[in-house]
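> Taking the hints into account, I'd like the entire structure generated from these sequences.
Residue numbers (the working numbering), protein chains in the order written: chain A, 1 to 144; chain B, 1001 to 1246.
Because the hints were derived from the structure by calculation, they are not lab data.
Straight-line alpha carbon distances no greater than 20 Å define the calculated PhoX-like cross-link-like pairs of lysine-lysine that follow:
1) A:Lys117 / A:Lys48
2) B:Lys1005 / A:Lys19
3) A:Lys3 / B:Lys1142
4) B:Lys1005 / A:Lys10
5) A:Lys10 / B:Lys1142
Listed here are the chains, written in short residue letters.
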Amino acid sequence: MGKISTDTDKVFLISLPDKSADSTDVLDFAVHSGFDYVKMEENLVGIKDYTVPATLSAGTVNVLTLTHNLGYMPMSQTFMQDVDGVSAVQFTNLPYAEASGFAGNYFIAYTTSTQFKIDMVIAWDESEWRGHEFRFKYQIWIND
Amino acid sequence: MHGVKVSRTGFPVDTASDKQLAFSSEWALMPIEAEGTINLTNETAYDQVLFTHNLGYVPVFMIWEENAGALYPLGKWFPFNVYATTTTLHLEDTPYYGNCTLHWKIFRRPMLTEYTAPTLVSTDATETDSGDYGVLVSLPGKDVESTDKRDFSIRSDTRQLMIHKTGYTTEVGFGETITHSLGYQPLFWLYVEGTGRNPAGAYNIIAETDDFYVGSTTTQLTWTFNGVEGLKFAYIIFKDPINSIG
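Below, the structure is given as structure tokens:
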């Protein structure tokens, strides 16, 4: 692995405004067929709303399981919105810990070769997350 | 006025909003320059170059941790300390949750560049189109008839990450507010020159922690760091909502 791009490919080029389609600078192009891009299937992008139960016990709680069946572990990214917590405009990527350190509570997101999952890992049952509503935005990429 | 725009499956191209497009000649996507993996041994300290890109600028990058048959964005529990400089991508960290494999991608996109794409159509179109046409561009050496979508540079039946705005800070405060005016709360990536542990000029990914908060509103991206004052940040705002399907 390493460089996977081909600057000299000229099969399909779309230049940006005020840039020449004959440019040799890849940054001058909106689309360049010598490069792979992040790609997402429409059905593998979504939203999940989740309310943390009022009573918690230590362990892993599955928030979302989505089957993709791609046959490989695709890249993904997930953002969490604290809808009912500190601020409705506050966001973070997953993984996210309620408190620093391994002993904390976490939301994690991951892919396997068949599924995408968001889990809540509870170490403290006195979590301040109890009763809070969270929104997750996930993107599962075709790229691996 | 000329150019190319291709709408996503289901949206009429003449009325689709910017974020309902698959791509447009009006703004850039995220071309992948290089990618790779490295196997890491638990509780072993690493301080090594992952890849020499020699782009001459600090490129945007992203990382994932493969651990026990699962692939976690950024890391299983915490983002790995991976940083980019003008010449290399570098790992300086110690895995603590088992042997794992770090995956990385470098994009042909300078992190420290001020750029704002236009907003052309902000009102969403109703999804009505059959979607039975579009554009397929295969990668060099790959067949355009391939059924594996990884063989394609770009496809109009998939979404791509479309860049709306990039930039960086040079001031010495505890945070920053960036105006984007997209009219929805956009998805973003943030990087910091983490001089507390990394060399000057090296940028790593930063996500929310106990003392770092990020707000994304319909008009602004705001972050506050209650830790060290004076860190430099870089950001990318995408034409993609962070809390709706869009």
